[in-house]
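Residue numbers (this note's numbering), protein chains in the order written: chain A, 1 to 404; chain B, 1001 to 1319.
Simulated from the structure, these hints should not be mistaken for laboratory data.
Keep in mind that a hint or two might mislead.
Chain A side only, calculated, beta carbon under 7 Å to chain B, not exhaustive [to be verified]: (1) Phe-21; (2) Leu-24; (3) Leu-28; (4) Leu-35; (5) Ser-37; (6) Ser-40; (7) Phe-232; (8) Ile-341; (9) Phe-352; (10) Glu-372.
Once the Cα atoms are required to be at most 35 Å apart in a straight line, the calculated DSBU-like pairs of lysine-lysine come out as [claimed, not checked]: (11) B:Lys-1199 <-> A:Lys-365; (12) B:Lys-1316 <-> A:Lys-237; (13) B:Lys-1151 <-> A:Lys-237; (14) A:Lys-254 <-> B:Lys-1248; (15) A:Lys-254 <-> B:Lys-1302; (16) A:Lys-243 <-> B:Lys-1151.
One-sided excerpt, in silico: chain A residues whose CB lies under 8 Å from chain B [as the list claims (entries may be wrong)]: (17) Phe-87; (18) Val-148; (19) Ala-150; (20) Tyr-160; (21) Leu-177; (22) Ile-221; (23) Ala-344.
Heads up, the beta-carbon is just placed ideally off N, CA and C, and yes, glycines get one too.
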Amino acid sequence: MNRIKSLLLSDAFNNAYSSIFSILVGLLFGLIVLLFSNPSEAANGFLIILKGGFSTGAKGMGQVLYFATPLILTGLSVGFAFKTGLFNIGAPGQFIMGAFAAVFIGVKWTFLPAPWHWIAALIGAALIGGLWALIPGILKAYLNVHEVIATIMMNYIGMYMANYLIKLYIYDSQKGLSMNVAGSAVLPKGGLDYVFYNLLGSTKDMSTVNAGIWIAIAVAIIMYIILNKTTFGYELKACGFNKDASKYAGINEKRNIVMSMVFAGMLAGLGGGLLYLSGANGRRINVVDVLASEGFNGIPVALLGLSNPIGIIFSAIFISYITQGGYYLQTLDFVPEVIDIIIACIIYFSAFSLFFRKLLPRFIKYRKDRQEAKAASLQATVDETSVPASEAAATDAKEERGEE
Amino acid sequence: MDILYLVFQQTMFFSIPLLIVALGGVFTERSGVTNIALDGMMIMGAFTSIFFINQMEDTMSGQLLLILAIIIATVTGMVFSLLHAYASINLKSDQIISGTALNMFAPAAAIFIARMIQENGVQQINFNNTFRIPSVPVLGDIPVIGGLFFKNAYITTYLGFAILIISVIVLYKTRFGLRLRACGEHPHAADSVGINVYKMRYAGVMISGAMAGLGGLVFVIPTSTNFNATVSGYGFLALAVMIFGQWKPLRVLFAALFFGLMKTIAAAYSVIPLLATSNIPSDIYKMVPFIATLIVLAFSSKSSQAPRAVAVPYDKGSR
């Protein structure tokens, strides 16, 4: 019993609670929205959201993983920046520029043989994504421009720039999309083609999922190691906790701001590469004046995963899962934007997750205190326990400030 | 000369919403709450008021309809901003994240509701523009000035300037303004002399919400004939305008005019003779306002005069 309690009190579990709580509130809100818009179909619609990718069997789950791949990367991008005290809202711009670089290399550099071609395309995507974050990084570190504003501007510049460059070099003008990449630039299947398909008679209806998801998971693990096991990661986190203290400790905080922005940008750019190097039945870049939603969805992914790289893998799969559910909602004449409403609601609640995160441990502690107090009052009727409770609140408040 | 008038009028169409929304931003930041949800609030305000126009244009038209729409946009923005106020003031949550949530919610809700309510299930809400004043009586006949300010105008333009004057007076000449600014600079000091910091911050956020909602309507009316759940990133541009204007209303006016001009170049380059003949594609022009913003911010942020307590939740117990 005590072991369960200590597990419940541990940080990881507390964090998971607040995310799960936000998700539940978000889903509840989604149900209310469905009830308001069409009461008779609301229950069915809600079930479809919950069934998510499973609605179309193994292929559907493959699609969930395919669309989770870029979300893991943009989530890591936002989450990594969070850990280092920066808010990278610029993932859409970095993502789309990375996507352009990958597709450009994938279409044009046909002189490269198979594995090197897609590897080169991914490296190109990461480099261009990093470049797109370098500018706000420098502006933040040396010119005191708030990174939120700078990255938002870079989003719009990136969107128009990508549209312009695609139309210039790799445009399929009949469909209004980017061209298909060469076969040698398509990511291999990585064994996933044995699992994620639906049988249509004797032919396999393949899912688009490919080795990209393995790469994304590997990158998440690498990020976990960098953040938690290296001096470099420690310095970046120290800057995030307290810029002045880390400067005093001899850390070059300006260089670290630039470095973490570039890292974040590289992750988002790589996400663009992984999504679009996916062969004939995969996605192609749509040339429209809309910011890439994969980039913005990195924000809820990072928040739900509490910026922990391993948590981000799961939260990305979750967001992708209910987004797929949203597409199937259209069969009941619902509008898929209800998913965006749910996600917005989840972010809104995770914004004050700290508030909820303190609730449960405090409750357990309160009960423990009361039990101890009872035991104590049996021996001697002196002490009451109102003092520890208020003290606990005070230390909690201190911790909150420390984390910012 | 006609082109000069055209460019000037266009600049006004783009500048006035920026001015209104950025002034809203000044109020919220001066009270100590940062509000990056201005974009979402613009979308909500534009959505309800344009939908109102769409529904009512059979029964009324012209300025009366516009004035009713203005009231609706203002109220919508104010109500929507309560969500941000509650999260960031009462629950002391991260203001950037709460703002991001509202920014995500607004377009999704606008598309969802539009597609659910409208019979044909489309997300665009169309409206007939019956609000343009070809020439203001008497004033429109004044040479030069009449052409610049009183032809092809909307009452919203004059409303924008009225809001600017009122903002200056409220912020610098009233007790409320002084208290609001105190809450953004040093909330504990303000609290110690008996000012209710929470109340002042609520006021700041709600004023910004009202003005952002209004700004959304003001942006859509002259530049489009339908509303498609977006204000093309104008809320974010307004934030940049606010920073460039160093949180001071009069400087915000000049910043807004500058960005309006940039935006006009991006939108109307094909009618400006010098630019029309150069073979620069439209995508490059569309980037101009954003690149200009970055460059301007790079030069103006070094000695930033941001309110000192902005984005820091006020906690009575902290030191």
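Does A:Phe-21 pass the interface check with chain B, least Cβ-Cβ distance below 7 Å? Status violated, d = 14 Å.
Mind checking the CB of A:Tyr-160 against every CB in chain B and telling me if the closest is under 8 Å? Holds: closest Cβ of chain B sits about 5 Å from A:Tyr-160, inside 8 Å.
For B:Lys-1199 and A:Lys-365, compute the direct alpha-carbon distance and say whether it is at most 35 Å. Holds, because 33 Å separates the two Cα atoms, which is no more than 35 Å.
Run the distance test for B:Lys-1316 versus A:Lys-237: straight-line Cα separation, threshold 35 Å. 28 Å, holds
Is A:Lys-254 within 35 Å of B:Lys-1248, Cα to Cα? 29 Å, holds
Holds or violated: is the Cβ of A:Leu-24 closer than 7 Å to a Cβ in chain B? Given a least distance of 16 Å, the restraint on A:Leu-24 is violated.
Quick check on A:Glu-372 please, does its C-beta sit within 7 Å of some C-beta on chain B? 26 Å, violated
May I ask you to test the interface hint for A:Ala-344 with respect to chain B, counting a Cβ-Cβ separation under 8 Å as satisfied? At 4 Å from the nearest chain B Cβ, A:Ala-344 passes the 8 Å test, so the hint holds.
With 8 Å as the cut and Cβ atoms as the points, is A:Val-148 at the interface with chain B? 6 Å, holds
Under 7 Å, Cβ to Cβ, is where A:Phe-352 needs to be relative to chain B, so tell me if that hint holds or is violated. Nearest chain B Cβ about 3 Å off; hint holds.
Chain B contact restraint for A:Ile-221 - C-beta distance below 8 Å: It is violated, given that the least Cβ distance between A:Ile-221 and chain B is near 26 Å, above 8 Å.
Holds or violated: is the Cβ of A:Phe-87 closer than 8 Å to a Cβ in chain B? Hint on A:Phe-87: holds, closest Cβ of chain B at ~5 Å, below 8 Å.
Hint compliance for this structure: hints 1, 2, 3, 4, 6, 7, 10, 13, 16, 21 and 22 are not met, and every other hint is.
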